[in-house]
Amino acid sequence: MTRVLEVSGLRKRFGGIAAVDGVSFHVDEGEILGIIGPNGCGKSTTFNCILGQLAPTEGEVRLDGRVVTNMRPAELNRLGVSRTFQLLQVFPQLSVRENLILAGQEHKGTMLSRLIGPADAGLGAAAERMIGFFQLGHLTETPAGELSYGQQKLLDAAMAFMAGPRLVLLDEPAGGVNPTMLSTLKERLRAINRQQGATFIVIEHNMEFVMSLCSRMLVMAEGKVLAEGVPDAIRANPVVIEAYLGH
Amino acid sequence: MTRGQRLLAGALAAAVLAGLIVAPLSLGRYGLYVLSLWAVMSIAAIGLNLTLGYAGQVSLAQGAFVGIGAYAAAILTTHGYPLALAVVAALTLSFVVGWLLGYPALRVQHHYLAFVTLAFSTLAFLVFRNEEWLTGGIYGISGVPRPSLFGLSTAKPLPFYYLCLFALGVVTIAFWGLVRSPWGRAFMALRENPLRAASLGVDTRRYTLMAFAIGSALGGLAGSFYAPLAQFVDPTPFTLAMSLNLLMMVVVGGSGFFFGPYFGAMVAVLLPEWLRFAEGYYLILYAILVMLLLVYSPSGALGILDRYLRRRDARIASALRAAAGVGLPDELVQ
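In order, the protein sequence lines correspond to chains A and B.
Each residue of the first sequence is one higher than the one before, starting from 1 at the first, in my numbering.
Each residue of the second sequence is one higher than the one before, starting from 1 at the first, in my numbering.
If we strip away everything but chain A, and leave its shape as in the complex, we get (with noise of 0.2 Å):
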């Protein structure tokens, strides 16, 4: 199986605290990683780090076999790498239909055929699509500022998407979002997935979205990885019950 990211011996300070400390792990094509730990044990910041919105203070981070260390988010997301964030990043003033054109648009063409070329950048088709399969068919002019914030969230996950991308990043997709529309949610991922051969990794507090999501889980304490296996796995292990899960 082909391995799209590697992370080794990744490790951030800032000053004396190590917010990641040592963190390697990797991620193959097609498989669905998630990542659990408790508030503050480096989740978001390994995400960070390897986005190149941070700089790691040391390690290294391959995709696709090509060193990627603190490349620019812009570059790093030419090169297939999409995200969502764990606040809402949508934005507000523009349609539903522009954000998405938006998420696609810097992927055609050149500077200047995005200049003196359709206003659309020929994606408009694409977005009616992925406005459809995330069902926000009826909100398609509204002002992304405008939505409900589940419809927010569907939202900035479609973003993600528009560009075909070969690695997406997900940070606490189901936080603040209903049971309906996280079941909506997790069956797009899956269906994505599925027909894209798409890989994803997820960070997550709501265990019973992530378990039932992922093929393979890591769990992350202090800065560290405290366990990594498939969800039955890690559900049974004792060190992941005593310092995340409880019993």
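Keep in mind the hints are simulated off the structure, nothing from the lab.
Watch out, some of these pointers could steer you wrong.
Label pairs and their in silico Cβ distance ranges [as the list claims (entries may be wrong)]: (1) B:R315 / A:G137: 13 to 23 Å; (2) A:S113 / B:Y112: 30 to 40 Å; (3) B:L178 / A:G137: 27 to 37 Å.
Built from N, CA and C at the ideal position, the CB exists for glycine as well.
With chain A fixed as given, assemble chain B onto it according to the hints.
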């Protein structure tokens, strides 16, 4: 936009254009000067609207770019070069200087960036005033000629007004294309959420520099028409006051609204003239009107219209849903 709305907008645009062509026929020399100044300042304000309104980068240097363009045009045309060449030179020079001024914006934002651009504005003024060998210093450059185009002289106020109006028309069409293109979307993304924009592959560095460069180039373009309009260029108009005035045009008109600068320039250039009936009190009255407008609508004059249209659209959508007897699916309403 529905077909009816498009027709209405088209008819309104045609009426405004016809008014701008026909109304000046009855105006005197001073009236034509003021209207030409409105067209020129609108171009500069459109540039600032791109940098500030669309891309969210604060600039207090737009007046300096008008000065750069004005001096470029004045120097070249008084040395016998055609205005067309001077316009290209002003655009190029302002674009390059604007691009360089964009670099600090990659590191500092908001009021810190405002101070950086303010320092540039002061620097440009000092160059205009002190580099006498080039700019004529405090004596300036007089006798800036107005061009002849296809054998037609624009020396008189009316033909020159039409030339300024033509330039504004070209800028309007080009700017409409720009803000509707993927570039326009990327500029707005830069304003609303640069972190997310970068994560979607938007090269925030390049777009930030472009926002400064294009906005500044439009300032330079405005300056290249300002010089032959006034037919005299000296450092006095290009102080920080002009940058602040342009900033006011953008804010009062509606920052980030396409037609905001046109309205803002109208308020800043034409309103004081209309208030002259108040004689010595006209500037006080003008300041009070501007303050009242911004207190009522911080998003500017076009913000009022935008709010009205949004409320109306929301009411229509709600009525349509009620008429159809369906609400949003429960799972989508939280």
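A quick look at each hint next to the structure:
Roughly 21 Å separates the CB atoms of B:R315 and A:G137, a value that falls within the hinted 13 to 23 Å. Judged by the Cβ atoms, the range 30 to 40 Å given for A:S113 and B:Y112 holds: they are separated by roughly 35 Å. Roughly 30 Å separates the CB atoms of B:L178 and A:G137, a value that falls within the hinted 27 to 37 Å.
In terms of the numbered hints stated before, the structure departs from none.
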